[in-house]
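Visitor: This is what each chain is made of:
Number of protein chains: 2
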Amino acid sequence: MELTNTSVLNALRHVDDPDIKKDLVTLNMIQDIEIEGNKLSFTVMLTTPACPLKEVIKNDCLKAIEEHIGSDVEVDILMSSHVTTTRDNTPLLPGVKNIIAVASGKGGVGKSTVTANLAVALARQGAKVGIIDADIFGPSMPTMFNCEHEQPGIRKEGEKNLIIPIEQYGIKLISIGFLTPAENAVVWRGPMASSALKQFIGDTEWGELDYLFIDLPPGTSDIHLTLVQTVPVTGVVLVTTPQKVALADAQKGLNMFMQQQINVPILGVVENMAYFTPEELPDNKYHIFGKDGGKKLAQKHDVPFLGEIPLVQGIREGGDIGYPAIMQEGPTSDAFMQVAEATAQRVAIRNAEKAETKKVELKV
Amino acid sequence: MELTNTSVLNALRHVDDPDIKKDLVTLNMIQDIEIEGNKLSFTVMLTTPACPLKEVIKNDCLKAIEEHIGSDVEVDILMSSHVTTTRDNTPLLPGVKNIIAVASGKGGVGKSTVTANLAVALARQGAKVGIIDADIFGPSMPTMFNCEHEQPGIRKEGEKNLIIPIEQYGIKLISIGFLTPAENAVVWRGPMASSALKQFIGDTEWGELDYLFIDLPPGTSDIHLTLVQTVPVTGVVLVTTPQKVALADAQKGLNMFMQQQINVPILGVVENMAYFTPEELPDNKYHIFGKDGGKKLAQKHDVPFLGEIPLVQGIREGGDIGYPAIMQEGPTSDAFMQVAEATAQRVAIRNAEKAETKKVELKV
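Protein sequence lines, in the order shown, are assigned to chains V and G.
According to the numbering used here, the first sequence is numbered sequentially starting from 743.
According to the numbering used here, the second sequence is numbered sequentially starting from 743.
Do not take every clue at face value.
Copies of one chain are not kept apart here, so a pair can be met inside one copy or by any two copies together.
[Unchecked claim] Straight-line alpha carbon distances no greater than 30 angstroms define the calculated DSBU-like cross-link-like pairs of lysine-lysine that follow:
| hint | residue 1 | residue 2 |
| --- | --- | --- |
| 1 | Lys1027 | Lys805 |
| 2 | Lys1101 | Lys1042 |
| 3 | Lys1100 | Lys781 |
| 4 | Lys1100 | Lys1033 |
| 5 | Lys1038 | Lys805 |
| 6 | Lys940 | Lys986 |
| 7 | Lys986 | Lys1027 |
| 8 | Lys1100 | Lys763 |
| 9 | Lys1096 | Lys764 |
| 10 | Lys763 | Lys800 |
| 11 | Lys1033 | Lys986 |
| 12 | Lys800 | Lys781 |
| 13 | Lys1037 | Lys986 |
| 14 | Lys1100 | Lys940 |
| 15 | Lys1101 | Lys796 |
| 16 | Lys764 | Lys800 |
| 17 | Lys902 | Lys1027 |
| 18 | Lys1038 | Lys1100 |
| 19 | Lys781 | Lys902 |
Hints listed in this document are in silico derivations from the structure and should not be mistaken for laboratory results.
In isolation and in its complexed conformation, chain V is listed as follows (with noise of 0.2 angstroms):
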């Protein structure tokens, strides 16, 4: 077969994107064909940096063009990227590609370790990535980035001042932690703590992201009626241990999600202190909290599991330290880069298969 944009175009058909389940030539991922004797070169576009499958899909498109066109052919495939989105023109937060609420029902199940990680293992695989901290009365943020001290700047912009985010690890982040001192604690009713989501939403000038993760405070309460009152939320993360109490909270959120008037996709779930290991005694797993109870969850509401998470005392240190656990080496980083991958790839299928969120129209 000659080799052609067209011979080209045709043999890359046959090599379908495993997540979305259509080929490449449809979906719109191969891009910038150039041809020199018989020298072929072309990018993949895939739907997220993240993407786990990124070899799989090389692979098979060195032998869709080995088999319908040649095996004389010199190919050179770049790898690259571009998030998908279904959000459009929206007032809100308009350069953001995918909005990713984390939600947990119990507090301290890891959300915010979680979100900290998932962000940082984006934006290391070349995402654009943005944090909210919307757990107004807990902020663990400042803490999390080893950012407790900063301040943000603020940007005049006709009428409005827009905060500017704090930016660290990569990640433009913004947090009540930065605007009240640490140890006071924010006694505020409902109504408060929203119209602070609503500034962080509208008043922050996030610029372009794929990605902006709004971690939620525990419960089902104002500040979560208030996000997807706000903004059309692409999907939901929910991270719970594998106890049963923290289980019967996240069902809840699940539900609260998942639920006719609010009806939020959910990404996946993900088991956070699935085991604990002591670092001298790597063979040694004590399942602590029971076993999983995150996936079985995730099997009984027929939603993604996104994968587990070792307890391992570096996380907590990292943590508390004031860098996330993905920043360095080991299991726990591993664990970490496989369900942000797990996450991008469903955002992209979620993207693919489903329209835009609606914002919620609820008079509560």
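Using the hints provided, position chain G relative to the given structure of chain V.
Guide: Same frame as chain V, now just chain G:
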């Protein structure tokens, strides 16, 4: 010295309550003196059935009688108790002597576990105890007390419908979990949640209680404000793990209750999950979440440290299976008993030293 009512009282004036630092006679703790020949019997009315100094006080009494009256007296001392209160004739919860709020700032630190175990520990010592599960969005008490499928009765009193609390393991319990299906999320804004708490306080038939525990949700918002605005709280038990992010939130919790407009006495700090001990390696203590954080927090704010609870698989399993760990012998049970005694002791000292907490008048 002759054995008379007067000589006995004079002798016992030499015995101080080690906590309240006044003598037993002044404190009106000596009752029912009976004398027959050289036989003497009387009752020491302690301020709590869980008094950790019971034996010390008894021995001090024996010594005082011997020293000041003579060694030939046959003494029989009955140690009884009458829990003290500073609450007086209030329209809400008139029969409840002490209202103890259990708070944490951060969720998932074991607040509900501590509440359940303190309550059962005090009930086992003979106190009348109740629990209001004020965590409207993540009620854990029904699971912890294995009564998830119970439904409270209703009794009509005049115009009012009174909720009759569930009784389990000697504790009177009320929780939103008894009133809504376990899987459903209670998606309420603050005012709805607050009105549920008000019903649990004002429209529930609590009767006579020595201690009513209020298991608060994480954070410092609607439920906390509504509680201190609705009833005067005797004191707060603050639960934390040694983790920095948990301590930061615990500090916020402390600050909320200590701030001048609110001003609820802090009974003390409990450090939960102080360390992990595998059952087969009881000498290995893993400080998974850091070390002594709770102790240091208590020192910093000059409030009592009530004790530390280790993380043993049994505690978690106890909570999940439906009976508090205190009901099973072992190191965890011992730790909880000590914390319960310290809490009761702090309530007695608080009642002896301080006036009634005022209901908070805040316009929020």
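Visitor: Now look at each hint and say whether the structure bears it out.
Guide: Evaluated hints:
In this assembly of identical chains, Lys1027 and Lys805 lie within 30 angstroms of each other by CA distance neither inside one copy nor across copies; the values are 42 angstroms within and 55 angstroms between. For a Cα distance limit of 30 angstroms, the shortest separation of Lys1101 from Lys1042 inside one copy, 27 angstroms, qualifies, whereas the shortest one across copies, 46 angstroms, does not. With identical chains, the CA atoms of Lys1100 and Lys781 are never at most 30 angstroms apart, being 47 angstroms at best within one copy and 84 angstroms at best between copies. In the homo-oligomer, the alpha carbons of Lys1100 and Lys1033 never lie at most 30 angstroms apart, since the shortest distance is 36 angstroms inside one protomer and 46 angstroms across protomers.
Within a single copy, Lys1038 and Lys805 get their C-alpha atoms no closer than 38 angstroms, and across copies no closer than 63 angstroms, so neither meets the 30 angstroms cut-off. For a Cα distance limit of 30 angstroms, the shortest separation of Lys940 from Lys986 across copies, 28 angstroms, qualifies, whereas the shortest one inside one copy, 33 angstroms, does not. Taking identical chains as interchangeable, the C-alpha atoms of Lys986 and Lys1027 lie at most 30 angstroms apart whether they share a chain (19 angstroms) or sit on different chains (25 angstroms). Proximity of Lys1100 to Lys763 under the C-alpha cut-off of 30 angstroms is restricted to the intra-copy arrangement: shortest distance 25 angstroms within a copy versus 65 angstroms between copies.
With identical chains, the CA atoms of Lys1096 and Lys764 are at most 30 angstroms apart within one copy only, with a shortest distance of 15 angstroms there and 73 angstroms across copies. Taking the shortest alpha-carbon separations for Lys763 and Lys800, only the intra-copy value of 16 angstroms comes in at or below 30 angstroms, while the best inter-copy value is 79 angstroms. In this assembly of identical chains, Lys1033 and Lys986 lie within 30 angstroms of each other by CA distance both inside one copy and across copies; the values are 10 angstroms within and 26 angstroms between. For the homomeric pair Lys800 and Lys781, the shortest alpha-carbon distance inside one copy (17 angstroms) is at most 30 angstroms, but the shortest distance between copies (97 angstroms) is not.
For the homomeric pair Lys1037 and Lys986, the shortest alpha-carbon distances inside one copy (13 angstroms) and between copies (29 angstroms) are both at most 30 angstroms. In the homo-oligomer, the alpha carbons of Lys1100 and Lys940 lie at most 30 angstroms apart inside one protomer (17 angstroms), although the nearest pairing across protomers, at 35 angstroms, exceeds that limit. In this homomeric assembly, Lys1101 and Lys796 never come within 30 angstroms of each other (Cα to Cα): the closest approach is 33 angstroms inside a single copy and 62 angstroms across copies. For the identical chains of this complex, Lys764 and Lys800 are intra-copy neighbours only, at 15 angstroms inside a copy versus 83 angstroms across copies, given an alpha-carbon limit of 30 angstroms.
For a Cα distance limit of 30 angstroms, the shortest separation of Lys902 from Lys1027 qualifies neither inside one copy, at 53 angstroms, nor across copies, at 54 angstroms. For the homomeric pair Lys1038 and Lys1100, the shortest alpha-carbon distance inside one copy (29 angstroms) is at most 30 angstroms, but the shortest distance between copies (48 angstroms) is not. Taking CA atoms no more than 30 angstroms apart as the test, Lys781 paired with Lys902 passes in neither setting, with 54 angstroms inside one copy and 87 angstroms between copies.
Going down the numbered hints, you'll see the structure goes against 1, 3, 4, 5, 15, 17 and 19, while the others check out.
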